[in-house]
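J.: Spelled out from the first residue to the last, the chains are:
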Amino acid sequence: MKQGILSQILDYSNRANPYPLYEELRRTPVFHDGEGPYVVSTYHEIHGLLHDPRLSSDTRNRGAAAGDPLAGQEEGEQQLPPSFLKLDPPEHDRLRRMTNRPFGPPHSPRRIDGMRGELGSIVKGLIDGLADGRSRSGEGDGNGIDLVDQFSYPFPVTVICRLLGVPREDEARFHVWADTLAASLDPDPDADAEQREKATSSARMELGMYLAGLIEERRKNPGDDMLSQLAAGHGQGETMSTMELLSTAALLLIAGHETTVNLITNGMLTLLRHPDVLERLRREPQLAVPLVEELLRYEPPVQLLPQRTPLCDIEVCGVTIPKGAPMWLVLAAGNRDPKRFENPDRFDPDRRDIQHLGLGSGIHSCFGAPLARLEAQLALSELARRLHNPRLLEDPPPYRQNAVLRGPRHLVVACDDIRP
Amino acid sequence: MPESELEALKRSGRIVVVGASLAGLRAAETLREKGFKGTLTMVGDEPYEPYDRPPLSKQVLLGMARAENTALPRRRAIEAEWRLGVPASGLDMAGRRVKLADGDEVPYDRLLIATGVRARPWPNEAEGELDGVFVLRTRADGAGLARRLEAGPRRVLVIGAGFTGSEIASACRERGLEVTVAERADAPLVGALGGVIGAVAAGMHREHGVDLRTGVMVTRLEGDAGGRVRAAHLSDGAVVECDVVVVCLGAQRNTEWLAGSGLGAGPRGIACDAGCRAFGITGIVTDDIYVAGDVARSPHPLFGYQFLSLEHWGNAVSQAETAAHNMLSNSAGRRPHIWVPAFWSSQFGVNVKSVGVPTMGTEIMITQGSLGERRFAGVYGYQGRIIGAVTFDNARWLDFYQRQIEATAPFPPEFTNVDRRPEGSRPVPAEFPDPSIPTHGPTVTLSGYSPADRRMTFTPAGN
Ligand SMILES: Cc1cc2nc3c(=O)[nH]c(=O)nc-3n(C[C@H](O)[C@H](O)[C@H](O)COP(=O)(O)OP(=O)(O)OC[C@H]3O[C@@H](n4cnc5c(N)ncnc54)[C@H](O)[C@@H]3O)c2cc1C
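In order, the protein sequence lines correspond to chains A and B.
Mapping to my numbering: the first sequence position 138 is 138, numbers consecutive.
Mapping to my numbering: the second sequence position 171 is 171, numbers consecutive.
Rather than coming from a laboratory, the hints here were simulated on the basis of the structure.
Source: prediction; values computed, not measured.
Even for Gly, the Cβ is constructed at its ideal location relative to N, Cα and C.
Any given hint could turn out to be false.
To be verified - To give an idea of the chain B side of the interface with chain A (calculated C-beta under 10 Å), a few residues:
1) Leu6
2) Leu234
3) Phe400
As the list claims (entries may be wrong) - What follows is a list of derived Cβ distance ranges for each label pair:
4) B:Val216 / A:Gly233: 36 to 44 Å
5) B:Gly103 / A:Arg283: 50 to 58 Å
6) B:Ile338 / A:Lys339: 14 to 22 Å
7) A:Asp33 / B:Ile338: 32 to 40 Å
To be verified - Covered stretches of chain B, as calculated for chain A (at least 3 residues, CB under 8 Å):
8) 364-377
9) 387-399
10) 409-420
With these hints in hand, go ahead and build the complete structure from the sequences.
T.: Dropping the structure here:
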């Protein structure tokens, strides 16, 4: 018997190219297979649901008997109150608003752009590191460079450290905890599960203690960083409790980290498969802006949102989704809906009408979007400029297990030279 | 029209657009985009290229943008003949010509009228001419008022607390200026959003230090010996000393130039069908004259085919695009303008948005958030259905409410949703002012008996 389409999507062997499955899925805009989740895969329906106040992001509203193969996959914050990602208004609004004050407009309109120089030098340092590695191993070609381990992973963590105000000397420790937590989101089936669980929980514990200490310290000696400003609170009697601060910091760390890695890696993979675009980007670095938008449509780092729950029976395309039922909103399928985008399977950075779902939409739309965009723009244009004649050594590359946060686990490339 | 005629129009026809602002420009761009290669003439009475008005009561008054720098971004080149600084003064429908005030005449095969509205002036002309008395509609108004605010007046008086008046008061407070707002109704924004929301708006004014006087009218403006405004007298006997007065009493349609032309144009605008084709006074729709933007009045199927005239930015854009499309289409290819009305404003740091037609609503229910926190979404009900919605700092949900309106969803809403508070458990009266005020409607009288000598006379009622 043919395997159900949802298990095919989750099946690792389809990870490299789930798009034909999404195409099949779109034929039934609201797909429901007995026990499982209600899966919505068409652009307009997903967009509508992301703006629908009858849907909750709080998994506590999910019915007990809910059969969702993705349930409980992305745990890791159990000891903390839920972050605003998993809350509804008004709590969501309050926490997101407070988090936004030191991060973006109207209160901090220059925070992200002010990091441009610093981000540039982090990127430069990492690419210099790639060059050093090559000369040390004395190879010109051959083994190649793993862009995931050597570039896409360390970059966003370093950025988050700087944003939160983690002292430079602690960054290395922070990286270790962050990587352990990230790995727990993408379990390697061959590894010892118990071992991994132990490592994860001790990393979480140590990181939590570290952050709690840092928060205490920043309450006494506030700096210009986000953690200080979040700890200080801002007028109107709004302050975060230490627990809320910890869960917010954990959210920034995990969400900011896991998605940017894939955005950058998917981006390089796509560019290597479209050498003409890569060459254009090398010559016109400003192409990075529309290119990243198209990338967010074409290969979004978050493929689907598994945690919305209807608070009452709602009807979508003639299907009644019952109260409390699990739902998946397959953003990546909506992004390639031919009813919304012309030639959706074409990667076209010149596309003009591009309101994609890559960063979600509505009140939970990606909080870190301005930062993620800038990180990806800088990373891709610099890689394009400095890697001379880059080429993929393995296509498709090995993917991570995770079907939700989808991206290559390794991206091994060779190049003739690394330009200064 | 035979296909060949349409092709000829596209290739070498003459299209004239009167009113070179938002609707006029977007229509011109759409015409070119749809392959119109003929002569395009843009007639505008203002001397500038098309500019954007919403910033005039927001960024410009805050000193964040200059009135001179609000030119509308161009979507594409339109290769038009610009006749700027010259008003159109008449229309010869039979001869297909637009008359200009400088004596010129411009022939057309298709005409688009987008002459918008102008600010209703202070009714007493001499008082309105005192130095320091402003209205706010044009770039020149915006520049003049911004300069005056820059100079630090002692007190600004805003007459009328609709959207524009409220935005001006908000900008003044943000600049630290003393401001009094006089409003005839019991609260700001009552006309657009009703008394329940008006009470919230009143709270915003007062909390931000506006001296808000409601239920009063300004009866007289008083000048000093130098002809500068110095005080205003209110109907309750109070006198407000002020050196700047901004008159925000709504708008009048720019249709006088069409008097006697035979077009159904009057103080309520120019009636057109849902495809933007203007009606003649006979009630027969024209083939070659189209209308778009603030000056238009068109039937909306979703709202009982009521003729709606909307002074909304988004409406002007969408109606202009539809008009342009239809100007170049055969009857089968024409599209209706069925834009769901939507409006935004920003005042006292709050983002206000509405969709649908709140003014048709008899009841309101706060479905999300709370009035007290000034973060909420509310829906308006009319005869058992949702007819409009408003949000304060909650705009990301508005799409949902728009679809509810489009689907004529039942009111009061039956669903459960996030952030529903006790105050949202049942509807309350929306508290719009009594609609039985006299209208500015034109009159048509009929005379004669036999079909051949039946005559129709159109009187565009005075203001
Ligand atoms: C201060 C201010 C703030 C606003 N804020 C908002 C907002 O926040 N949100 C929103 O949705 N809308 C807002 N609006 C409304 C919005 O600007 C209008 O809906 C829009 O400008 C309508 O465009 P239009 O082209 O139809 O008319 P207009 O912009 O009025 O243009 C008509 C043009 O025709 C010219 N004209 C008139 N008669 C003649 C003639 N006989 N011959 C030649 N030319 C003529 C006029 O001078 C004018 O230039 C605001 C308006 C103002 C004034």
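J.: None of the hints should be skipped; say for each whether it holds.
T.: Hint-by-hint comparison with the structure:
1. Look at B:Leu6: its Cβ only gets to about 26 Å from chain A, farther than 10 Å, so that hint breaks.
2. A hinted interface residue such as B:Leu234 counts as satisfied when its beta carbon comes closer than 10 Å to some beta carbon of chain A; here the least separation is about 35 Å, so the hint is violated.
3. For B:Phe400, the interface hint holds, the least distance from its beta-carbon to any beta-carbon of chain A being 5 Å, beneath 10 Å.
4. For the hinted restraint 36 to 44 Å between B:Val216 and A:Gly233, the CB-CB distance of approximately 41 Å keeps it satisfied.
5. Restraint check, B:Gly103 to A:Arg283: a C-beta distance of roughly 55 Å satisfies the suggested window 50 to 58 Å.
6. At about 20 Å, the beta-carbon gap between B:Ile338 and A:Lys339 stays in the expected band of 14 to 22 Å.
7. A C-beta distance of roughly 37 Å is found between A:Asp33 and B:Ile338, which places it inside the suggested range of 32 to 40 Å.
8. Three residues within the 8 Å Cβ limit are the bar, and the stretch 364-377 of chain B against chain A gives 6, so the coverage statement holds.
9. Proximity of the stretch 387-399 of chain B to chain A, defined as three or more residues with a beta carbon under 8 Å from a beta carbon of that chain, is established by the 4 residues found.
10. Only when three residues or more bring their CB closer than 8 Å to a CB of chain A does the claim for the stretch 409-420 of chain B stand; here the count is 5, and the claim holds.
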